[in-house]
Amino acid sequence: MPDSPHQPAEEQFQPVAGLLAFVLPGLGHVWLGDTKRGLLIAAGILGLFFGGLLVAGLDAVDSGLYFANKIRGFQGKAPHQSEGGDQIWFAGQMFVGPVAFAVDAVHQYGFKIREPIAGNGAAFKFRPPLPDEERQGSGPNVGMSNGRNPGNVPSYRRALGRVGEIGTLCAMIAGLLNLIAIIDATWHAPRQGRGRRAEI
Amino acid sequence: MILTFGHRFFIDPLDVHSLWWLLLVPMSILIAMAYKAIRLPDLSRYWQQVASMSAQVVLAMIGLAAASFVIIELFVRRMSE
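Here the protein sequences come in this chain order: A and B.
First residue of the first sequence: 1, per the numbering used here; consecutive thereafter.
First residue of the second sequence: 1001, per the numbering used here; consecutive thereafter.
Stretches of chain B that chain A covers, calculated by requiring three or more beta carbons in the stretch to come under 8 Å of a beta carbon on chain A: (1) 1018-1029; (2) 1040-1052.
With beta-carbon atoms standing in for the labels, derived distance ranges: (3) A:Tyr-109 <-> B:Met-1061: 33 to 41 Å; (4) A:Ala-105 <-> B:Ala-1055: 32 to 40 Å; (5) B:His-1007 <-> A:Glu-83: 24 to 32 Å; (6) A:Pro-131 <-> B:Ala-1051: 39 to 47 Å; (7) A:Gly-161 <-> B:Ser-1080: 21 to 29 Å.
The hints are simulated quantities; they were obtained by calculation from the structure and are not laboratory data.
Everything numeric in this text was worked out from a predicted model, so none of it was measured.
Ideal placement from N, C-alpha and C gives every residue a C-beta, glycine not left out.
Using the sequences and the accompanying hints, generate a full structural model.
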């Protein structure tokens, strides 16, 4: 605790709070005992992220499997490749935490068209469906294209123009704001008289 | 703006291409909510601060749009003539 209200409180290193803030926006501050602040952070960040999804649809979050393949050490001939990704945007969006990775995984594996890569064994490429292309929902070839017909409904539609830009931007700003929240929770300066752990 | 009965929310994009600029208002409010929740030392005047920051962001964007309009439509056009 500071000696006077004007003296800034000393920062404390709280790695668990930082980890929790990454797991779910606002959870780090809730763990530090600042429940109201944590809930407001969660409302703002998750509101932005899901607001972006509402506006631009699933296309707002698309890693193109870039980071998954990088982490797994694949160069060029990764068994799962993806087209149409927005890797740079996802680099910001991923700081929303597991929610962003879950949405991206659902997008890649649950909605994109799965195509075998010629000459690369059991490798698959995932790509967005064309406007009149249907995706097989069940059976051994689940995820593969059912062909193109004028009446077909694609598994999802791509976001174009300003609507796509704003949705993707909202989801990315949510990630960058959560990065600030993660840093704030990890190097926590207790606010005076607030929080169960504020005076630890 | 067309929202058909079969629209799949959170999967398909909204058809709000003619009103896209209105989306900047809720975006500004949500950004201010998260930012002020992190930065304010005391949350007693939280909503006033959120309203103030949202208004500043929206006004700044309107100002930038007006400045861009003046530069492109008047200044650059006059230079090219």
